[in-house]
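Novice: So you can see what is in the structure, the chains are spelled out below.
2 protein chains.
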Amino acid sequence: MTLEAALALDAADPLAHFRDRFVQSEGLIYLDGNSLGQLPKATIAATTELVTKAWGERLIRSWNEGWIDAPARVGAMIAPLIGAEADEVIAADSTSVNLYKLIVAALRRDPARTVVVSEAGNFPTDLHIAEGAVAAVAGAELRVVERGALAEALGADTALLLLTHVHYKRAERFDMAGWTKAAHDAGALVCWDLSHSAGAVKVELNAAGADLAVGCGYKYLNGGPGAPAFLYVAKRWQDALHNPLSGWMGHAEPFGFADAYAAAAGMKRWLTGTPSVLGLGALESGLALWDGIDTAQVAAKSAALWNIFHAAGTAAGLECVTPSDPAKRGSHISFRHAHAYEIVQALIARGVIGDFRDPDILRFGLTPLTLSHADIWRAGEMLVEIVESGEYRRPEFAVRNAVT
Amino acid sequence: MTLEAALALDAADPLAHFRDRFVQSEGLIYLDGNSLGQLPKATIAATTELVTKAWGERLIRSWNEGWIDAPARVGAMIAPLIGAEADEVIAADSTSVNLYKLIVAALRRDPARTVVVSEAGNFPTDLHIAEGAVAAVAGAELRVVERGALAEALGADTALLLLTHVHYKRAERFDMAGWTKAAHDAGALVCWDLSHSAGAVKVELNAAGADLAVGCGYKYLNGGPGAPAFLYVAKRWQDALHNPLSGWMGHAEPFGFADAYAAAAGMKRWLTGTPSVLGLGALESGLALWDGIDTAQVAAKSAALWNIFHAAGTAAGLECVTPSDPAKRGSHISFRHAHAYEIVQALIARGVIGDFRDPDILRFGLTPLTLSHADIWRAGEMLVEIVESGEYRRPEFAVRNAVT
Chain A
229 MTLEAALALD
239 AADPLAHFRD
249 RFVQSEGLIY
259 LDGNSLGQLP
269 KATIAATTEL
279 VTKAWGERLI
289 RSWNEGWIDA
299 PARVGAMIAP
309 LIGAEADEVI
319 AADSTSVNLY
329 KLIVAALRRD
339 PARTVVVSEA
349 GNFPTDLHIA
359 EGAVAAVAGA
369 ELRVVERGAL
379 AEALGADTAL
389 LLLTHVHYKR
399 AERFDMAGWT
409 KAAHDAGALV
419 CWDLSHSAGA
429 VKVELNAAGA
439 DLAVGCGYKY
449 LNGGPGAPAF
459 LYVAKRWQDA
469 LHNPLSGWMG
479 HAEPFGFADA
489 YAAAAGMKRW
499 LTGTPSVLGL
509 GALESGLALW
519 DGIDTAQVAA
529 KSAALWNIFH
539 AAGTAAGLEC
549 VTPSDPAKRG
559 SHISFRHAHA
569 YEIVQALIAR
579 GVIGDFRDPD
589 ILRFGLTPLT
599 LSHADIWRAG
609 EMLVEIVESG
619 EYRRPEFAVR
629 NAVT
Chain B
229 MTLEAALALD
239 AADPLAHFRD
249 RFVQSEGLIY
259 LDGNSLGQLP
269 KATIAATTEL
279 VTKAWGERLI
289 RSWNEGWIDA
299 PARVGAMIAP
309 LIGAEADEVI
319 AADSTSVNLY
329 KLIVAALRRD
339 PARTVVVSEA
349 GNFPTDLHIA
359 EGAVAAVAGA
369 ELRVVERGAL
379 AEALGADTAL
389 LLLTHVHYKR
399 AERFDMAGWT
409 KAAHDAGALV
419 CWDLSHSAGA
429 VKVELNAAGA
439 DLAVGCGYKY
449 LNGGPGAPAF
459 LYVAKRWQDA
469 LHNPLSGWMG
479 HAEPFGFADA
489 YAAAAGMKRW
499 LTGTPSVLGL
509 GALESGLALW
519 DGIDTAQVAA
529 KSAALWNIFH
539 AAGTAAGLEC
549 VTPSDPAKRG
559 SHISFRHAHA
569 YEIVQALIAR
579 GVIGDFRDPD
589 ILRFGLTPLT
599 LSHADIWRAG
609 EMLVEIVESG
619 EYRRPEFAVR
629 NAVT
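Sequence order for the protein chains is A and B. Heads up, the first sequence is in our numbering, so the first residue is 229 and it goes up one at a time. Heads up, the second sequence is in our numbering, so the first residue is 229 and it goes up one at a time.
The hints are simulated quantities; they were obtained by calculation from the structure and are not laboratory data. The structure presented is a predicted model; accordingly, all values stated were derived computationally and were not measured. C-beta atoms are modelled at their ideal positions from N, C-alpha and C, and glycine is treated no differently. A portion of the hints provided could be inaccurate.
Derived DSSO-like pairs: lysine-lysine, alpha-carbon spacing no greater than 27 Å straight-line [unchecked claim]:
(1) Lys269(B) - Lys269(A)
(2) Lys430(B) - Lys281(A)
(3) Lys430(B) - Lys269(B)
(4) Lys281(B) - Lys269(A)
Just a sample of chain B residues kept apart from chain A, beta carbon distances all over 10 Å, derived [claimed, not checked]:
(5) Phe402
(6) Gly415
(7) Lys463
(8) Arg464
(9) Glu609
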């Protein structure tokens, strides 16, 4: 691939105009949109308006002027990106807190089913939260097995199969329909963590027959740092499952001020405390960009970007750990190298921001809305230069940060 | 009290200059700062800077440039307002979610103690969450009794006494030291909900020997709508108690990406998911205003504002349900009236924003930093006029909103 070829792909790219709707810094190629998505330009004005007008001037009245419905409204905007109905998704809390709610709820559905099955090496908070959730249900336990042993771990005692759709490190994608069926065949529910899927790949929760899902607002959805997360409960489970974090915002009548809890109908019961209005506002602004986008075009561009960067990484001698079949991966690419940390730091020093993941993974987010083919080509050239020249061996690149 | 007398109090008020540090709307007297605090002017620039620079330009690097420490940093700013040490407080999630964490943790401390005691008519989410929390611990139960029966409800089976320090509706304040001692005498822990106390009255958690506390960032702390909440764990309990919502941000090594959960030392274990960075930023800006404020002056001004508005309400024939002893109340005042809802609506139509609380309470927040004595005098005059003239009987004031 030459730069000219990359520029030609940009010229023909139907999504190319989205890049200018995000704040771009001169000299920066940001390959970490799968960790924190870039800032949509429109979000600057939206946040200022929310702060100065809705909070500053309208004050408490704003709860009646849009805030109280924001969790459901934002959820409805996420729904088409994950193959759900508008009234099956709500924005709330963090991914971790939402996972806790759904795992406990699934465990309480049927006392005879006591086991949560998940994958070793799943995103840590999924396993950590599952540990906490099983402790909240008498007799429940967490069974964490290697991917190859998942199928045989499902059985008559399984309450829930808890999987992350696209692996945070290697970008491997589970076959959602296949694993949902496997869980159902065992009589269990399935919960999908869509943190690296929503806005990255085509997700079809309802077509796959999925039961539960959670996901993150601050990655491909560009909702801002620590944006509210979301949760999905298939309509057929909405009456049967209950939120263990039974706070007033999930009450059938939050402003009735009754002592006893009574769960709201539909998705509202999955709310707990007062939602982060600033966070919801920024997330809503980020989601507005997705209106009308053809996710097939997003997937096609992701694949094209992937091919360019895969070629560069391979040329640099890195071992790619992400599946080459686009249907079996997300929208990031990861390589293994003994000096992964130093190479990532050397790239950052050159203005190419990727991610290091312990112990030896270089991870690069290929976000179709914010990146051009030429961006990826240029980043790939730098990767090759840094590895081939040994530039990454400079001592300053070995200094560790708190967050990487 | 005459307007001249109120203006004279303003002229002598050492806190008077704070009023101009908040966005004030022409013609509005905002007596709802105990529901949603006003916008500090400095927060507009702080939020814009956070969005455009830290998110927009620095992107993921900002986690290493201040974001990762924000929960502890903000907690340390709250600590002096509640009589705690800097390393006993952390900002996280919502008040409801934090209540769940602490109630479950307290119940798990000693399996022989299975009962959470709380007050009927406590703020609903405290009771709702306690209902959810006892369901997460085998054999645990919630015992909700009238205030007069609390003392006898404490016993050898009590794990936790859960009280709201200043009542959300009537503003009655519990004697923190006395009730903490009563809980300890029974061998139980105490958890204080400080939502209507922090920034409103002098709170002395450590002097009272308190064990646990939670509170709200969006009321007197002016942190913005749905601001992150906080939690306090006395140092002597920090090793023994564990967060049931065991997410990655509370892990000893969040970026070690291990499968097994290992709790962080100190307050960090009370974090769960990725924190709301926008929310923390606005809260931090609101808290900066409190730096160096003498809380004795805050209490004195609260009492002076209270006297002015109490006189007006009484003149209007309303029944005051808030204790007259300043040491036994918070910084809001509540009246009972059969047409409470309509009177509140009539006041709002005149630009005086108070709160209605079901079924018959008018509630007015008297926030010492944002209000002048003359503001309160003028609002009192309007209250008298509205009641005496029967203005509140106009049909439009009977129309109910979703949030009141």
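Novice: Each hint: holds or not?
Specialist: Do the hints match the structure? See the list:
| no. | hint | result |
| --- | --- | --- |
| 1 | Lys269(B) - Lys269(A) | holds, 23 Å |
| 2 | Lys430(B) - Lys281(A) | violated, 32 Å |
| 3 | Lys430(B) - Lys269(B) | holds, 25 Å |
| 4 | Lys281(B) - Lys269(A) | holds, 12 Å |
| 5 | Phe402 | holds, 18 Å |
| 6 | Gly415 | holds, 24 Å |
| 7 | Lys463 | holds, 23 Å |
| 8 | Arg464 | holds, 23 Å |
| 9 | Glu609 | holds, 21 Å |
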